[in-house]
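Trainee: Sequence:
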Amino acid sequence: MFWSVGIMTGLFEGELPHHSIEFLFTILVALCGFSMFTTLCATIFVISKCESGQTEAMEARINQLVHVLSFHRVPEDQQTQAIEYLKRYYTDTESHDRETCKLLCPSIANDIQVELWKATIADISIFEGCTDQFIVAMTSLLEMVAFPAQATLFSTGDHGDAMYVVHSGVFAIVINSVMVREIRKGSCFGELSVFSTMPRTATVISTTYFYRDIQNALL
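In terms of the UniProt record's numbering, the sequence shown opens at residue 1 and continues consecutively.
Derived from the structure by calculation, the hints contain no laboratory data. Using N, Cα and C, we set each Cβ at its ideal position, and we do this for glycine too. It is possible that some hints are incorrect.
As the list claims (entries may be wrong) - In silico lysine-lysine, DSS-like type, Cα no more than 30 Å apart, as pairs:
{"no.": "1", "residue 1": "102", "residue 2": "118"}
{"no.": "2", "residue 1": "87", "residue 2": "102"}
{"no.": "3", "residue 1": "185", "residue 2": "118"}
{"no.": "4", "residue 1": "87", "residue 2": "185"}
{"no.": "5", "residue 1": "102", "residue 2": "185"}
As the list claims (entries may be wrong) - Restraint ranges, calculated between C-beta atoms of paired labels, are given here:
{"no.": "6", "residue 1": "168", "residue 2": "78", "range": "19 to 27 Å"}
{"no.": "7", "residue 1": "73", "residue 2": "35", "range": "55 to 63 Å"}
{"no.": "8", "residue 1": "71", "residue 2": "38", "range": "44 to 52 Å"}
Can you build the whole structure from these sequences, using the hints too?
Mentor: Structure follows, in structure tokens:
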């Protein structure tokens, strides 16, 4: 056993096996090591193959988008913005999570959404004191939406049809062309116009890219 393990690791050498049982044990250890090495190599190959396939699919979508935008003579700055957004959509750290969620049935996906966001919604000031049933109902109505950088969510005077809870990213609140504050993860905005007849009192602009650079729109 000492000899077989030494051969496997290369750290030491021991006495050669003298009996048949020792020889068979040595062969068994060698075969196990070879099997483990083969399995590891195969796993790494499969993972790299999957990532390569996803990269090729992403590049194909981007090339198709570039062709369509060029054909319709979309301005260069808008093309750049669209391409950058699409790249981030498929390469950010949560792209695999989004693809996995698409495989789930709506009821399971909704249950997961409730568990992930229930605590965040309960911490919002306007929902303090509400029952757990109400919080669950509100959370189940959340809809994930994405915005690129420098996108205007709404402007001053617009009709308010949704409130937003920031999952990630940074948003600027602008009043009279002056940025008065920034909104980050876990913050809520837009609720005043939803729960009253007042129009939007400020303009909100995204300052960074994100998918879950998203906000959740409560319609």
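Trainee: Does each hint fit the structure? Answer for all of them.
Mentor: These are the hints, each one checked on the structure:
1. 102 x 118: 21 Å, holds
2. 87 x 102: OK: residue 87 and residue 102 at ~19 Å, within 30 Å.
3. 185 x 118: Cα-Cα ~15 Å, so holds.
4. 87 x 185: Roughly 22 Å separates the two Cα atoms, so the pair holds.
5. 102 x 185: Distance ~24 Å between residue 102 and residue 185 Cα, so the pair holds.
6. 168 x 78: 19 to 27 Å: 24 Å, holds
7. 73 x 35: 55 to 63 Å: The hint (55 to 63 Å, Cβ to Cβ) holds, given that residue 73 and residue 35 are roughly 59 Å apart.
8. 71 x 38: 44 to 52 Å: 49 Å, holds
The structure meets every hint from the earlier list without exception.
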